[in-house]
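A.B. asks: Single-letter residue listing:
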Amino acid sequence: MSFKIVHTICPYCGTGCGINLVVKDDKVVGTYPLKRHPINEGKVCIKGNYCYEFIHREDRLKKPLIKKNGQFVETTWDKALSLIAEKLKEHNPEEIGFFSSARCTNEDNYILQKFARVILKTNNIDHCARL
Amino acid sequence: MKYLLVKSTDSEILKRAECGGAVTSLFKYLLDKKLVDGVLALKKGEDVYDGIPVFITSSDELPEVSGSLHCATINFGKIIGKYFADKKIAVPTKPCDAMAIKELAKLKQVNLDNIYMIGLNCGGTVSPITAMKMIKLFYEVNPKDVIKEEIDKGKFIIFLKDGTEKAIKIDELEERGFGRRKNCQRCEVMIPRMADIACGNWGAEKGWTFVEVCSEKGRKLIEDAEKEGYIKIKEPSKKAIEIREKIENVMIKMAKKFQKKHLEEEYPSLEEWQKYWNRCIKCYGCRDNCPLCFCVECKLEKDYMEKGKIPPNPIMFQGIRLSHVSPSCINCGQCEDACPMDIPLSYIFHRMQLRFRDTFGYIPGVDDSLPPLISELDK
Amino acid sequence: MTNSIEDIEDADCILIIGSNTFEQHPLIARRVVKAKDKGAKIIVIDPRKTMTAKQADLYLQIVPGTNVALINAMMHVIIKEGLIDEEFIKNRTKGFEELKKVVEKYTPEYASKICKVDKDLIVEAARVYGSAKRASILYCMGVTQFTHGVDNVKSCCNLALITGNIGKRGTGVNPLRGQNNVQGACDMGALPDVFPGYQKVNVAYEKFEEIWGVELNHEMGLTIPEMIKKAGKEIKFLYIMGENPMVSDPDIKHVEKALKSLDFLVVQDIFLTETAELADIVLPAACWAEKEGTFTNTERRVQLIRKAVNPPGEALEDWVIIKKLAEKLDYGDKFNYKSPKDIFEEIRKVTPQYAGITYERLGVDGIHWPCPNETHPGTPILHVEKFLTQDDLGRIFPIEYKNPAELPDDEYPFILTTGRIIFHYHTGTMTRRSKHMINEINDGFVEINPKDAKKLGIKNNDLVKVSSRRGGVAVKAKITENIKEGVVFMPFHFAETAANLLTNPAIDPYCKIPEFKVCAVKIEKL
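For the protein sequence lines, the chains are G, C and X, in the order given. Just so we're aligned, residue 2 is where the first sequence starts under our numbering, counting upward by one. Just so we're aligned, residue 435 is where the second sequence starts under our numbering, counting upward by one. Just so we're aligned, residue 113 is where the third sequence starts under our numbering, counting upward by one.
So here's chain G without its partners, still in its complex pose (with noise of 0.2 Å):
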């Protein structure tokens, strides 16, 4: 049996609480308060206390789809990706825009407005920052 507790943030609101995940066997399996954290001392509301809840849903996406006859089916990454380098190049830059997401990382918000800007020459990138 394997369990270890991780300190990490909560993925909810822009407060920013620290939380730790309780991971058994490699599942998220809990949370437990995270006390030495500055902004919350280990307080959290009841989203923050439950966010591991949706980590291992059935209903994850698992692989990529590909929507065929208006049906989605799996198919493989190198399938997908080719598709989409496909289609993003028969695009103009000025016909492509992009969606970032304030619940990704700031990795990944950086990585997706540079592939935006240096690949697509497009500075078509926003999210969700008025919604």
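It is possible that some hints are incorrect.
As the list claims (entries may be wrong) - In silico DSSO-like pairs for lysine-lysine, Cα to Cα no more than 27 Å straight-line:
id, chain 1, residue 1, chain 2, residue 2
1, C, K661, C, K651
2, X, K547, C, K736
3, C, K709, X, K166
4, C, K600, C, K542
5, X, K446, G, K122
6, C, K478, C, K578
7, X, K440, G, K122
8, C, K640, C, K436
9, C, K709, X, K146
10, G, K5, X, K547
11, X, K446, G, K90
12, C, K741, X, K166
13, C, K436, C, K654
14, C, K733, C, K743
15, C, K570, C, K600
16, G, K90, X, K450
17, G, K68, G, K28
18, X, K498, X, K514
19, X, K419, C, K743
20, G, K63, X, K450
21, C, K743, X, K161
22, X, K547, X, K419
23, X, K547, X, K563
24, C, K716, X, K206
25, C, K587, C, K570
26, X, K498, X, K206
27, C, K666, C, K651
28, G, K25, X, K419
29, X, K345, G, K122
30, C, K468, C, K542
31, G, K90, X, K436
32, C, K741, X, K161
33, G, K122, X, K341
34, X, K450, X, K161
35, G, K68, X, K440
36, C, K743, X, K566
37, G, K88, X, K446
38, C, K673, C, K640
39, C, K709, X, K148
The hints are simulated quantities; they were obtained by calculation from the structure and are not laboratory data. Just so we're clear, the structure is a prediction, and the values are computed from it rather than from any experiment.
Use these hints to put chains C and X onto chain G, whose structure you have.
C.D. replies: Relative to the frame of chain G, chains C and X by itself:
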């Protein structure tokens, strides 16, 4: 064989040991001889204020879990009940850990045959952020320069990375609203006699751990570990035993004083409680962190509680919790620590438990009997 | 936030406007509670008597969309009664005289008619805020989500500037960010007009051309509302990473039409969201517990997240997906990162505010940006000595009150305002898959004042139809005194009773934020 002085035979352990290394050596013995699946203990995380529960399965990992962390305000009861109920483990227990585990065993949530409780005498813990604030404020040093802390002879002592140390009397810190957690201030169990053995430095000679043997399992553990060459033992002097008793008595007296202060003199009025309950955001933190809350189907999630509404009706929400938990409340303070609205929950639970104690004579975590029947209150 | 979460505790007065802090930012509300326990006065301005409003010493139940009139009136009183900080105005600001002229006509009586708040309450709020030694303003989407959202924010700043409530503990103008990394996404330049670190695309392009070694587009791009509007026309390909506009954006019917009219739609997410359903390709992403990286919270504190478990199946971290796609497009050399830390090292090279931050330094405490070098401790409080303007002075902008884009009329007589509840988050993709949250509440509702309900013959839990010019929703009525007469409230989390079928896509001309907080609706009993 009730009181003993114990010393490790392992030079590596002795090098790191605070007082004889008995606790680490006993864990090493249990792990090496495969008498347990693992040891559940605390390791230093980010810094001295950050204690993280870890489960180690090899004695090679022991160095990372040795040493005390007074800012790790964790209770192992809940963790064992939730994640280790089917494992054979050894665990270092402060009194509130040991009391929680004992209470859970009576309620059939854990099996004591599977748990070696290596008790640690405890004078209280300090919440990590409180500790950092008070170190900045009163010790006038950067909390991040502290590499070790200790509570000894009524003082909170910090050791800095430049090799110096600073100490301030806990009394003084607590007068200014800092120091130990409030529940620790009220706690009158410093020696975890409900564990298998109780270890500490009170009354100990330098380089030795003072051990009180508290169970048959504890006696056998000590004897076997000595036979296998993991520890040396000798008898403490009569004076040593007296010193230890004296320290304990002084601390109990202090705790009683705090009980009077918190639970009578400063106890919130009804209006103040109303103000507190109006802040409740129904995070379930008090329930989820209470080592003694264990119902699989919790009444707080049932349909007769109005769902999706905050604040919840306090008579229902805290009322149900009080009736379920307060008779067994061991005053570990976890509910209050978890509360995002700083409601002084352990005041009400501890006070209620003391009332129960007056009426039924029941001391949770200490008595061997079951808590007095309380199911009537539910109806 | 100009200030840190922790220093809110030191305020003598906390003005909460357009924020239900107790439900949306509970661990910031905790600091409000601590300040209150130390004697601070709490003022709440909100059309709904929220849990936050119930903790207030002064509660002003305002008509949605009238913040500017109210704040102008507060400033009118503050100026008239000499509660301004003359020293601060003189030494640190510019524009006070113009402001003085504009707020002259905003007497409490005048504002009271617009805001439907008792004039004496306005005067009292002004006195409490104006006479506090340290006053903090907390605001949220109830200030920003208007066609005059920028005006609202400027008004809050004016109020803080003329009273000297900026640059010290317990003060400031503090927007509470609703998503864990909305601050970071902005900092990283996931915006159409700026590169990382708010460097304008039409100014800083040369710097970035040099760093990235490519030619760049100098022209400002389109915002999300603009891209949706132009979808199927100018915009033909959308790549959506971790967003769900089919629930979160205004006028969903229009959003759906827009997304369906694209040549190609890629959605990268952790679940098959309402938006992903419309995609041509869906890419499975790792969730936050399955990756390393940093989030930047509402007080500009950059914090580490740590990987706890592996992603399910073949799901990959978002950055890995983008890197692989870059390789497919023969740009592998520009995206040669082996870990999030590699990316962060580049971030700190190009983002001055992040220059001094390293993963090693972050630890569990994080660091507040700006942090210009590796020995800098970070900046919990902004504008302590000067403002970030060329002359170091804070700008006071006189603001006139303007009506929202769509006001109630005979056909649509109610104002609909939308928001969140404590038990759910945004479009519900995560929380509606969490057992404990859906056990509390899993259905939408519309809050109606008892007087309005009586007129409409609606009882609690009746099914009603709420309609606007853009669509209609059948939803359960919740009759409550907590909502102002003439106003109704719906949470936007629930796709089946989507509040955003009704909302108005009209946007603020400057920051392009949609007017979620006011649109006109009618209500019929079903």
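A.B. asks: Each of the hints needs a verdict: does it hold here or not?
C.D. replies: Structure-based check of each hint:
Only pairs whose Cα atoms come within 27 Å are accepted, and K661 of chain C paired with K651 of chain C is accepted, the gap being roughly 15 Å. With a CA separation close to 13 Å, the supplied pair K547 of chain X and K736 of chain C stays within the 27 Å bound. The suggested pairing of K709 of chain C with K166 of chain X holds, with an alpha-carbon distance near 11 Å, which does not exceed 27 Å. Restraint check for K600 of chain C and K542 of chain C: the C-alpha separation of about 46 Å exceeds 27 Å, so the hint is violated.
Distance check on the hinted pair: K446 of chain X and K122 of chain G sit about 14 Å apart at the alpha-carbon level, within 27 Å; holds. This hinted pair checks out: K478 of chain C and K578 of chain C have alpha carbons roughly 14 Å apart, not beyond 27 Å. Restraint check: the Cα-Cα separation between K440 of chain X and K122 of chain G comes to about 16 Å, which is no more than 27 Å; the hinted pair holds. With a CA separation close to 20 Å, the supplied pair K640 of chain C and K436 of chain C stays within the 27 Å bound.
Taking the CA atoms of K709 of chain C and K146 of chain X, the gap is about 13 Å. The hint holds against a cut of 27 Å. About 23 Å separates the Cα atoms of K5 of chain G and K547 of chain X, which keeps this hinted pair within 27 Å; it holds. Between K446 of chain X and K90 of chain G the alpha-carbon distance is near 18 Å, which keeps this suggested pair within the 27 Å criterion. Simply put, K741 of chain C and K166 of chain X have alpha-carbon atoms about 20 Å apart, close enough for the 27 Å limit, and the pair holds.
Simply put, K436 of chain C and K654 of chain C have alpha-carbon atoms about 12 Å apart, close enough for the 27 Å limit, and the pair holds. Of the pairs offered as hints, the one joining K733 of chain C and K743 of chain C holds, with about 16 Å between alpha carbons and a cut-off of 27 Å not exceeded. Between K570 of chain C and K600 of chain C, the direct Cα distance comes to roughly 12 Å. Compliance with the 27 Å bound is thereby established for this hinted pair. With a CA separation close to 26 Å, the supplied pair K90 of chain G and K450 of chain X stays within the 27 Å bound.
At most 27 Å may separate the alpha-carbon atoms for a hinted pair to count; K68 of chain G and K28 of chain G exceed this at roughly 31 Å. Restraint check for K498 of chain X and K514 of chain X: not satisfied, since their Cα atoms lie roughly 31 Å apart, outside the 27 Å limit. Taken as a hint, the K419 of chain X and K743 of chain C pair is broken in the structure, with Cα atoms around 34 Å apart against an allowance of 27 Å. Taken as a hint, the K63 of chain G and K450 of chain X pair is honoured in the structure, with Cα atoms around 23 Å apart against an allowance of 27 Å.
Between K743 of chain C and K161 of chain X the alpha-carbon distance is near 14 Å, which keeps this suggested pair within the 27 Å criterion. For a cut-off of 27 Å, the pair hint linking K547 of chain X to K419 of chain X stands: about 23 Å separates their Cα positions. Between the alpha carbons of K547 of chain X and K563 of chain X the distance comes to roughly 36 Å, so the proposed pair goes past 27 Å and is violated. Taken as a hint, the K716 of chain C and K206 of chain X pair is broken in the structure, with Cα atoms around 46 Å apart against an allowance of 27 Å.
For the suggested pair K587 of chain C and K570 of chain C, the alpha carbons sit about 22 Å apart, so the restraint of at most 27 Å is met. Distance check on the hinted pair: K498 of chain X and K206 of chain X sit about 12 Å apart at the alpha-carbon level, within 27 Å; holds. Proposed proximity of K666 of chain C and K651 of chain C is supported: the alpha carbons are some 18 Å apart, at most 27 Å. Straight-line distance between C-alpha atoms of K25 of chain G and K419 of chain X comes to about 14 Å, which keeps the hinted pair within the 27 Å bound.
For the suggested pair K345 of chain X and K122 of chain G, the alpha carbons sit about 19 Å apart, so the restraint of at most 27 Å is met. Restraint check for K468 of chain C and K542 of chain C: the C-alpha separation of about 25 Å stays at or below 27 Å, so the hint holds. Taking the CA atoms of K90 of chain G and K436 of chain X, the gap is about 16 Å. The hint holds against a cut of 27 Å. This hinted pair checks out: K741 of chain C and K161 of chain X have alpha carbons roughly 19 Å apart, not beyond 27 Å.
For the hint linking K122 of chain G to K341 of chain X, the alpha-carbon distance of about 21 Å falls within 27 Å, and the restraint holds. Only pairs whose Cα atoms come within 27 Å are accepted, and K450 of chain X paired with K161 of chain X is rejected, the gap being roughly 50 Å. Of the supplied pair hints, the one linking K68 of chain G and K440 of chain X holds, its CA atoms being roughly 21 Å apart against a limit of 27 Å. Annotation: proposed proximity of K743 of chain C to K566 of chain X holds, straight-line Cα distance about 23 Å (limit 27 Å).
At roughly 21 Å between alpha-carbon atoms, K88 of chain G and K446 of chain X fall within 27 Å of each other, so this suggested pair holds. For the given pair, K673 of chain C sits about 14 Å from K640 of chain C by alpha-carbon distance, which is consistent with the 27 Å threshold. Taking the CA atoms of K709 of chain C and K148 of chain X, the gap is near 12 Å; set against the 27 Å cutoff, the hint holds.
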